[in-house]
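A.B. asks: Now for the letters of each chain:
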Amino acid sequence: MPSDGQDYPNDADRLRRGAAQRFKEAELPLAKLWTYYYGIGGDLDEMSLDAYLHEALDIPAVQVTLVATAMAEMTEGDLL
Amino acid sequence: MATSKALTTSDEFQDLLLESPGFPEFLLGLATLSASSLSSDESVECTITVERDGAPSTVASSSEEAQHLDETQYAFDDGPCLAAVRQQRVVLIQDLGSDGRWGSYSPAALKEGIHSVLAVPIPAGPSSRAALNCYARTPHAFEQDSVERVEELAGSMSRILQLALRLHAPEAYPEHLRAALKSRAVVDAAVSLIMLQHRGGRDGALDILQRAAKSSNRRLQEIASDIVQTGKAPSPPAEGA
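Just so you know, the sequences run in chain order A and B. Counted from 1, the first sequence has number 149 at position 61 by my numbering; the numbering is strictly sequential. Counted from 1, the second sequence has number 156 at position 50 by my numbering; the numbering is strictly sequential.
Be careful, since some hints might not be right.
[To be verified] Derived EDC-like pairs (lysine to aspartate or glutamate); straight-line CA-CA distance at most 20 Å: (1) B:K288 x A:D131; (2) A:K112 x A:D138; (3) B:K217 x B:D183; (4) B:K288 x A:E134; (5) B:K217 x B:E170; (6) B:K338 x B:D313; (7) B:K217 x B:D184; (8) B:K320 x A:E164; (9) A:K120 x B:E281; (10) B:K217 x B:E177; (11) B:K338 x B:D309; (12) B:K288 x A:D133; (13) B:K288 x B:D332; (14) B:K217 x B:E148; (15) B:K288 x B:E328.
Keep in mind that the hints were calculated from the coordinates and are not lab data. No experiment lies behind these values; they were computed from the predicted model shown.
Please take these sequences and the hints and turn them into a complete structure.
C.D. replies: Here it is in structure tokens:
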């Protein structure tokens, strides 16, 4: 059983898996997603983003949320 | 050909450059000014062709027929205006019906009702080539004095055209990359402002931006833009929130 101290990594795992899943479903081209993510302040290079989206790399929490925001805003289209 | 109308002044050219949002609009204005300055009893249509190194050529036309004629030349990759642009020489066709030089271009032009063509190069600097092309519906519309007039007009456009080419250099980045660059600049400015107001770090500032976007259901870039415009950063989340 995970102790309290492991809550955060588990949360990160969950977020990362969710992001990978959404990326696959949204069928966004990586270059387009990276460009948008860069536009809202993202700091990772495209290769790291690719690795993260294939669950091969852990990235800082703030980048995790920026990636999520980028995907959400891109798939929302002109909703806002 | 007009003799009474004064040549378009450099003031008019400058106004045109100041008022044009982009290069195509500027060129269109130049073609229109040329046509009205050269038309009198005989109506003259004008196109201006500009070829820039490493960029697609731009054509502006004072009328649709003239536009077709220029496109015809690009389709055949030959024609009086292309010759004027690429070889930087004056091309005069007194009567398309009897001028055998232009192959398949001639019948296409005659079909549009054009009988005389005069194409004059416009000096456009080291990395561009341009020409002012004039079309008329009667044969022998362009005599020696009108050739001189068109050459003078083309010469008077040279400076403003080179200015316009500098001002409207081909965009180095496609639209979506420019949008990202602009958005990033706004987000970075907002982040800097939040950091300054809260004496916080970059990650914390990005976090504040994201929370504000989420809670108001707006795009992060819009929130950032508001912050930059008002100079007011949203409050940081309460401790432990």
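A.B. asks: Going back to the hint list, which numbers does this structure go against?
C.D. replies: Hint check: nothing fails, all pass.
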